[in-house]
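Take the given structure of chain R and dock chain G to it, following the hints.
There are 2 protein chains.
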Amino acid sequence: MAFKPISEIGEFGLIDRLAKITAPSANQRPELIEGIGDDCAVWQSDESAVQVVTTDILTEHVHFDLLTTPLHHLGSKAISVNVSDICAMNAMPDYAVISIAVPPKMPVEMVEELYKGMNHAAEVYGLAIVGGDTSSSASGLFISVSMTGTTTPELLALRKGASPSDLICVTGTLGGSTAGLHLLQREKATMIEQMRNNEPYNKEVMAELQEYAEAIRCHLLPEARIDIIDFFSEEGIVPTAMIDISDGLVSDLGHLCRRSNVGAKIDESKLPVLPEARTVAEEFQQDVFDWALTGGEDYQLLFTVPKKDYDLIAAHRDITVIGEITEKEAGMMLTDIFGMTIDMTDMKRGFDHFAE
Amino acid sequence: MAFKPISEIGEFGLIDRLAKITAPSANQRPELIEGIGDDCAVWQSDESAVQVVTTDILTEHVHFDLLTTPLHHLGSKAISVNVSDICAMNAMPDYAVISIAVPPKMPVEMVEELYKGMNHAAEVYGLAIVGGDTSSSASGLFISVSMTGTTTPELLALRKGASPSDLICVTGTLGGSTAGLHLLQREKATMIEQMRNNEPYNKEVMAELQEYAEAIRCHLLPEARIDIIDFFSEEGIVPTAMIDISDGLVSDLGHLCRRSNVGAKIDESKLPVLPEARTVAEEFQQDVFDWALTGGEDYQLLFTVPKKDYDLIAAHRDITVIGEITEKEAGMMLTDIFGMTIDMTDMKRGFDHFAE
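Chains R and G, in that order, give the protein sequences. Numbers 1 to 356, taken from the UniProt record's numbering, label the letters of the first sequence in order. Numbers 1 to 356, taken from the UniProt record's numbering, label the letters of the second sequence in order.
Don't take every hint at face value.
Note that the list lumps identical chains together, so a pair holds whenever it fits in one copy or between two copies.
[Claimed, not checked] The calculated lysine to any residue pairs, modelled on SDA-like cross-linking and capped at a C-alpha distance of 20 Å, are:
no., residue 1, residue 2
1, Lys105, Ala138
2, Lys328, Ser45
3, Lys307, Gly161
4, Lys4, Lys116
To be clear, the hints were calculated from the coordinates, so they are not data collected in a lab.
Bound conformation, chain R alone (with noise of 0.2 Å):
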């Protein structure tokens, strides 16, 4: 028997894979509406609530590096990550329980730091901490957050669920996480430069980073957009179908589609890109737009609506239309900055963890 490394079939392969193991338990509980294939699992707990539950893990070298992320901030971003799944639905978070892996060499000082920044993502978006497990770690920090959240039937949003016609809609920027990475891989660069050589830290580089102060927040502290899921809730509007943006614009989009057998078409020249990450992607020799479409971890929401709402959105300063839902035949096209139509399924996906 030839055993198959995972990387062979990528991290939605294996999810694929996992999925349909896992299908007999769930369908043993007929009160499930979503199980594995959404930003959060989401039952029906009475007849007029609906309960959502996400998990989350980050991994040391593969989802963070503390050398470049301070641990307020890791503790912050680790919930915030959770929140956005759960504002995906049109949710709200209410309840959270940490797993954490620990070398056992960590000061305890280091663990409180990154529980501070947790708490206090936490007393942000007003939801609660209230357990979780520990061990220790013969390699690295693993943090696993779950979460969960609470909405009506009437209100809850899921990947499924866009017609054709319908808008799409993204909240916030695009490309400043990425442009961040870009800026805090380069500084650890130097760091390493000039530890090896042992000259003292150059502070021309902090000046530098300063500069670029909000590609670097997007990168570190990513806001959940809870403030959009009570703009819709004031202003009675349910999107037909959500997302947030973790993997990149284009491939939570091709999640998104494929739930709702839709295709869809968009205009890069309406991306909402960060300002600052135009001037980093220059700095860098790189094409912004690549970074806005497929960057990733920008966790902002990517959402539908008829069109009748139209106005309604417009009238947020902190939305943009993009384009516009199609029929599936049409395929996912982007028609970019010169014009050219580009088939979007051509384009390279999101991260994956797997791949080689």
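Relative to the frame of chain R, chain G by itself:
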């Protein structure tokens, strides 16, 4: 500033410090009944329903050794230890989400085997695996399971609530898991020795392991006592306090007594030691009562009931009354098999992940 290594304050010391940090977030939810400090976090979701949630992390080289642990068994155990925490609240499990970090070279088939074990256990317990997250791991396999459950305000059992004169009861048998672990560790040493010497695998060892199948099953395939929760429900029994035995009887009884602000006296001769564990302990020249008292990982339920429930409890062939709750001032006392009184606070406590 001097940094303190975690090993200096231990796992419970660390949890205490982290609970203080996250208390502000927990305090913002008035419907929270219990946060950190019980087997599950507990909140009232509506007038007639209580939600519970728990999380456990299993890390390679700390909690399990893939040389002696079949992945199907490991998957099943990862589910069972969480179900055990849910049962300790007198609740029933509903949904689980699973985060794993996997070395990228691990074959897909091994990860599938792990999930087959998880799904099998989930089907047995009637719960649904509904989501998760996957990441690569630089070193070793990490499995974090989070699980929700439900009960009612009337049926909820916490660690606190035991009163002097309540009976102390334990389900099933004790010491089996530690006996199994000793056998497997010896087996591993033999395997490594034979591999070093290029000898063929010795079948006599395997035959000997079969002889002790029950102890090994206790370690590799513990079963959460969901049957006892059904029994309580049928008989109208609500334990005044309950905890599952994961750290070891003395340690877990200590948690229950501290939270209930009471003392306890137990009778060593009444401990339901697994008969096979006695034989194994003799072979290893160890004290089987020590394994039963401090071994841990038996995943039995330890609970207290008022004396009036004695007849109901005594009628169940798999529940043993081992002692009685006392005033706090009387401490935690054990009458050993020779009739001597021993202070349990002086005994070796449960496993500490961060002990040096």
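Taking the hints in turn, this is what the structure says about them:
1. Proximity of Lys105 to Ala138 under the C-alpha cut-off of 20 Å is found in both arrangements, the shortest distances being 10 Å within a copy and 18 Å between copies.
2. For the identical chains of this complex, Lys328 and Ser45 are neighbours neither inside a copy (33 Å) nor across copies (41 Å), given an alpha-carbon limit of 20 Å.
3. Proximity of Lys307 to Gly161 under the C-alpha cut-off of 20 Å is restricted to the intra-copy arrangement: shortest distance 14 Å within a copy versus 57 Å between copies.
4. Taking identical chains as interchangeable, the C-alpha atoms of Lys4 and Lys116 lie at most 20 Å apart only when they sit on different chains, with a minimum of 17 Å there against 41 Å within one chain.
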